[in-house]
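Below, each chain spelled out in residue letters.
4 protein chains.
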Amino acid sequence: MAQKKDYLKEIIKHIDIKQHNVVPLVEAMESMAFSARDLNRAAKIYEKMLTDKDCTVILTLAGSLFSAGLKKVVHDLIANNMVDVIVSTGAIMVDQDFFEALGFKHYIGSPYVDDNELRELHIDRIYDTFIDEDELRICDDTTAKIFDSLEPRPYSSRELLWHFGKYLEDNGGPKVDDSVIYAAYKNNVPIFVPAFSDCSAGFGIVMHQHNNPENHVSFDSGKDFYELTQIKLKSKETGIFMIGGGVPKNFTQDIVVAADILREDAPMHKYAIQITVADVRDGALSSSTLKEASSWGKVETTYEQMVYSEATLAMPLIAGYAYHKGVWKNRERKELQKLFLKENVSVK
Amino acid sequence: MAQKKDYLKEIIKHIDIKQHNVVPLVEAMESMAFSARDLNRAAKIYEKMLTDKDCTVILTLAGSLFSAGLKKVVHDLIANNMVDVIVSTGAIMVDQDFFEALGFKHYIGSPYVDDNELRELHIDRIYDTFIDEDELRICDDTTAKIFDSLEPRPYSSRELLWHFGKYLEDNGGPKVDDSVIYAAYKNNVPIFVPAFSDCSAGFGIVMHQHNNPENHVSFDSGKDFYELTQIKLKSKETGIFMIGGGVPKNFTQDIVVAADILREDAPMHKYAIQITVADVRDGALSSSTLKEASSWGKVETTYEQMVYSEATLAMPLIAGYAYHKGVWKNRERKELQKLFLKENVSVK
Amino acid sequence: MAQKKDYLKEIIKHIDIKQHNVVPLVEAMESMAFSARDLNRAAKIYEKMLTDKDCTVILTLAGSLFSAGLKKVVHDLIANNMVDVIVSTGAIMVDQDFFEALGFKHYIGSPYVDDNELRELHIDRIYDTFIDEDELRICDDTTAKIFDSLEPRPYSSRELLWHFGKYLEDNGGPKVDDSVIYAAYKNNVPIFVPAFSDCSAGFGIVMHQHNNPENHVSFDSGKDFYELTQIKLKSKETGIFMIGGGVPKNFTQDIVVAADILREDAPMHKYAIQITVADVRDGALSSSTLKEASSWGKVETTYEQMVYSEATLAMPLIAGYAYHKGVWKNRERKELQKLFLKENVSVK
Amino acid sequence: MAQKKDYLKEIIKHIDIKQHNVVPLVEAMESMAFSARDLNRAAKIYEKMLTDKDCTVILTLAGSLFSAGLKKVVHDLIANNMVDVIVSTGAIMVDQDFFEALGFKHYIGSPYVDDNELRELHIDRIYDTFIDEDELRICDDTTAKIFDSLEPRPYSSRELLWHFGKYLEDNGGPKVDDSVIYAAYKNNVPIFVPAFSDCSAGFGIVMHQHNNPENHVSFDSGKDFYELTQIKLKSKETGIFMIGGGVPKNFTQDIVVAADILREDAPMHKYAIQITVADVRDGALSSSTLKEASSWGKVETTYEQMVYSEATLAMPLIAGYAYHKGVWKNRERKELQKLFLKENVSVK
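Residue numbers (full-length UniProt numbering), protein chains in the order written: chain A, 1 to 348; chain B, 1 to 348; chain C, 1 to 348; chain D, 1 to 348.
By construction, these hints were calculated from the structure, which means they are not laboratory data.
Fair warning: there could be bad hints in the mix.
Identical copies carry no separate label here, and so any pair may be met within one copy or between two of them.
[Claimed, not checked] Computed list of lysine to aspartate or glutamate pairs in DMTMM-like fashion (alpha-carbon distance at most 25 Å, straight line):
(1) LYS105 to ASP260
(2) LYS325 to ASP16
(3) LYS291 to GLU133
(4) LYS4 to ASP114
(5) LYS48 to GLU335
(6) LYS291 to ASP134
(7) LYS105 to GLU27
(8) LYS18 to GLU151
(9) LYS325 to GLU27
(10) LYS5 to ASP52
(11) LYS13 to GLU169
(12) LYS18 to GLU30
(13) LYS5 to ASP260
So that you can see chain A by itself, here it is in the shape it has in the complex (with noise of 0.2 Å):
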């Protein structure tokens, strides 16, 4: 039989967008149709974003991205003041970058395997790619200690993560260089999770209350959503840069109507893309358009654009697009942790 080092032996490496100046690729796409000409809007509407002073950067991210290689992407657009805010599912954010960022691997693998040796050899398949379940209890087991460290009472998700960023500050820092919490903790970009027990934290949070059954951490969404929209009242104007839909899209696109209940008038997202491959015909949230949103008065509809790809392939070509534009250069960090980082302190 098989061994699991047998299935465990190549390692997805995360691209760089630093590397490939794709700025003449995507420039030349638009002039061409269907999801080339997309590609290009969505990119130049990007590049707007970032160009326009006062707008907030929203990203939101679904679909098993960083196990795909497309981790350090969004590192570098912290890095480089291209984000102001992550909205993401719990599978991206620990599953995948916590779990690296302990110091474990994502492996390439292929859908055409049997799953039940698979799963005698604890090797989990995310479509063609592996991981080592014992090393996933070993990142389940770092959330419950997280969490057991701390005062008892309800948080943000955003909160935790930030948390999650000190314990690998106060652990001898990640045991890579592209960690995406870590690069937010530092920069003072706030990541929201709205599902957040959707994910291997859920596993913590499981472990922590089962053994403190009285007194114990809770994930507060819905004081996720009242931060989120907190962000959204305090940015002149706001864009949203989504891949894939799923919860994030939903939730980053409603805090406009949130905004709205607590203060008459917020404005709607002023630019808007969303990479996709989602058939709008079934009428599910993630594949709804742009258009769709603005009945809701979520989005503007000037300036919005969907790219009918899966993400491997488009979102280096955006992100590239807009690093090596170079427009982000100029661009004031908006830092916008810090509206709440007093509370954050909390540590028992």
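Add chains B, C and D to chain A, keeping to what the hints say.
Positioned in the frame of chain A, the structure of chains B, C and D alone reads:
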């Protein structure tokens, strides 16, 4: 210019599976190919779940299902003891089910409209369906009112949705006879919404926390995960019937791992079916195959089937098949809400 | 090692729309949303085509439909005068329909097999369906035999498929009672296969031309186009029921333009419905919307509807709805084959 | 009301792969996942085809590729000896390539327009691209003129497209420097269009046969199949690079079987890559996997790779990678047109 009433004319009506004996049709699909044969096999696996006395049946819901006319299907599954637990998006349960229980409606619309005009008229669009935004704001406000009435502490979404059912009970009952939240309340079927702030209840909690900054209700999504895991631990076997993917799918698959963490050797989900149009090649969770889930130790591969179809076509056929086969008639009600019921009683 | 008979055990059976009165089910879909409502509208447009005395109904077929159990649906549409012309891929008509008329079968298979083993066993796979390759070779040979028997000259595919029907007639009739080619032959329904060399008949013509290098039968696809255009010119109105896209869809839409070239002011197709899963965003013809076709002057937009569904689910519902509504009962047979019949009689 | 010139303003420009060295970008995709890694593998297989001295490279084209800006990519593959045979839809070769060779253009458009207005203005739409229908009619007429000039007999599409090239040569050359038909004519690369009546040439042949009822040119698609099979028989190995599916894909895969019928033991296609967005679950040929093709004995499974992407994104990367790796520099021109050339000379 058009008026609101020009758009909001024809009401979405929910399909009644009890009126359509689709058993011969679905049986004829057994000897065909592609989606028809897959649908037949999924329907038979669902029937098997209901026949297996040891099996707790968990229904997961994602996509704009109830606005599309599938609400009564779920209502009838509860009323006829064909489902023991529901895990859902917030939009389905609050914006769509609770909304209709308050007396509001969804309307037949069109994707070929001017979304800017809709916005000015306070009409929200979901692909080919219209909603009165002013009515949705009343729904938001009602959730805030419920939160205001509760003792301030962290709650699971299950607890809060039980209170939503109780609110309907205490206020003259639902305005419709097919409310899912109310049927679940009466039949002790727990409903979980792991991303509870990502819906109308999110607007409610923002208002509530804004008005009660120090001491307030919060959504404890870790508790959701812990409670659903307890249901898994209390069940000899489990089967999942998934409509769409998203957080409800992932969350429900993950409880096998959580159960395994709390107690060695928790069994995988024995039965699993999913209706989805998501394409497997983007690597996202919504489209991940049930075979892939088995590498994670979440789903057994003997009785699993994915059906590639938009839900409005496939769900009435699968649910209708199982209903008209009548196997639910001798099934004992599990009333899993009773596991938690004492602690629900916490009105201030 | 496995044997051929281990794989070829369970036969694909064709669904019989006459046995399933889906009218109430399809009517219930009228007040739902998404694909269900689209399907309802498509079914009603098909009914409208059949009610309109002036309308010639053209059915276009693409995808592996008959191997999937949809052959009898088309047979019953012909037998009950619900279709006047068929435009199809070659695989459906020759590899699947003529093949079964010769007494061969399609078998229930699985996509989860070792294709190299299948190849060694002479088993061909279509997704989840198996075919005996040795039987397919007999089908190829039979088409060559038919071509050998004909006077050498260019033929339209319609002429040749009429000869296929005649071959069945002259050789004891088809071995099954639901042969589409034979029913079309008996009911004077012309069948066109514009890419006729792209199927089992292609292998037959290669053998025929190889053995008769100087003087041989040839496929005159220009004649196909000319003949179908003549049908358009002879028809007051036309309606098209499209299953899938491909050449049959494009070819049939194009005859409006061809008719316009031969005679000014030929009307567009008045009715058009299509069942497809193709995504509009790749710009290909299979997915191009019927609204887009109207820019080309091919399709009127008043009565057009696309249904996003795999065909095995949607086609029995749409065809079954129209069948059980019974509007075909008073419909006059058009017998359009008679426009061309004299010249068909050309056996050497 | 708008005028034609208001819509036909900005010209589609074809991307020039020679200007973009994508080798480092495509190499970085090797260690990622999902479509990026698939694209990398496909690019390397294409490079392998070009390095293999025994391999005849066949390019298949489906979808509105040249109207979308991919024409020059194919031109450059011919000019730089990176493709030996082309199998295409008629729309790509005639409505798009020959059309532009006559001096006409495609224009940047939008799917969000009034198609009825476009129709009145004689503007045809392909998703987000516009064409002047009056210019397209000139293209139709030109094909009729070419058919009128030829000796009346059945022709393969390869012969006719050679005459299209000759027509350009005899009439002052193409009006653009990136005509695929002309480059193929000059470099002796045969082009096959198996469904040749399903395009602008179909309108031409209808006019031609209408005006010459007794004695005329016809499209002999069986001869297409026979000729392509002869190329297979003359080639030691074959590799196929497929853009989209449709008839070109199926036709080209089928020649292995045809070769096997004419001569025992013809080898399968040794290399096969496909760019497509078609979903495998509808069982159609366009989406059928290359593994499935191997059950039919058509494609070897060692070097096959499907890439899930819309073609405007993926084709420039794959073709550009192979171009900039430079392996074509030492490749001998096969000039397979010469196999047939004598018989082409048949002008009346």
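To see whether the hints hold, each was checked on the structure:
no.: 1; hint: LYS105 to ASP260; in the structure: between (43 Å within a copy, 23 Å between copies)
no.: 2; hint: LYS325 to ASP16; in the structure: both (16 Å within a copy, 21 Å between copies)
no.: 3; hint: LYS291 to GLU133; in the structure: between (41 Å within a copy, 16 Å between copies)
no.: 4; hint: LYS4 to ASP114; in the structure: both (13 Å within a copy, 24 Å between copies)
no.: 5; hint: LYS48 to GLU335; in the structure: within (20 Å within a copy, 50 Å between copies)
no.: 6; hint: LYS291 to ASP134; in the structure: between (44 Å within a copy, 20 Å between copies)
no.: 7; hint: LYS105 to GLU27; in the structure: between (35 Å within a copy, 20 Å between copies)
no.: 8; hint: LYS18 to GLU151; in the structure: neither (41 Å within a copy, 53 Å between copies)
no.: 9; hint: LYS325 to GLU27; in the structure: both (11 Å within a copy, 23 Å between copies)
no.: 10; hint: LYS5 to ASP52; in the structure: neither (50 Å within a copy, 34 Å between copies)
no.: 11; hint: LYS13 to GLU169; in the structure: within (23 Å within a copy, 51 Å between copies)
no.: 12; hint: LYS18 to GLU30; in the structure: both (22 Å within a copy, 17 Å between copies)
no.: 13; hint: LYS5 to ASP260; in the structure: between (54 Å within a copy, 24 Å between copies)
In summary, the numbered hints that this structure violates are 8, 10.
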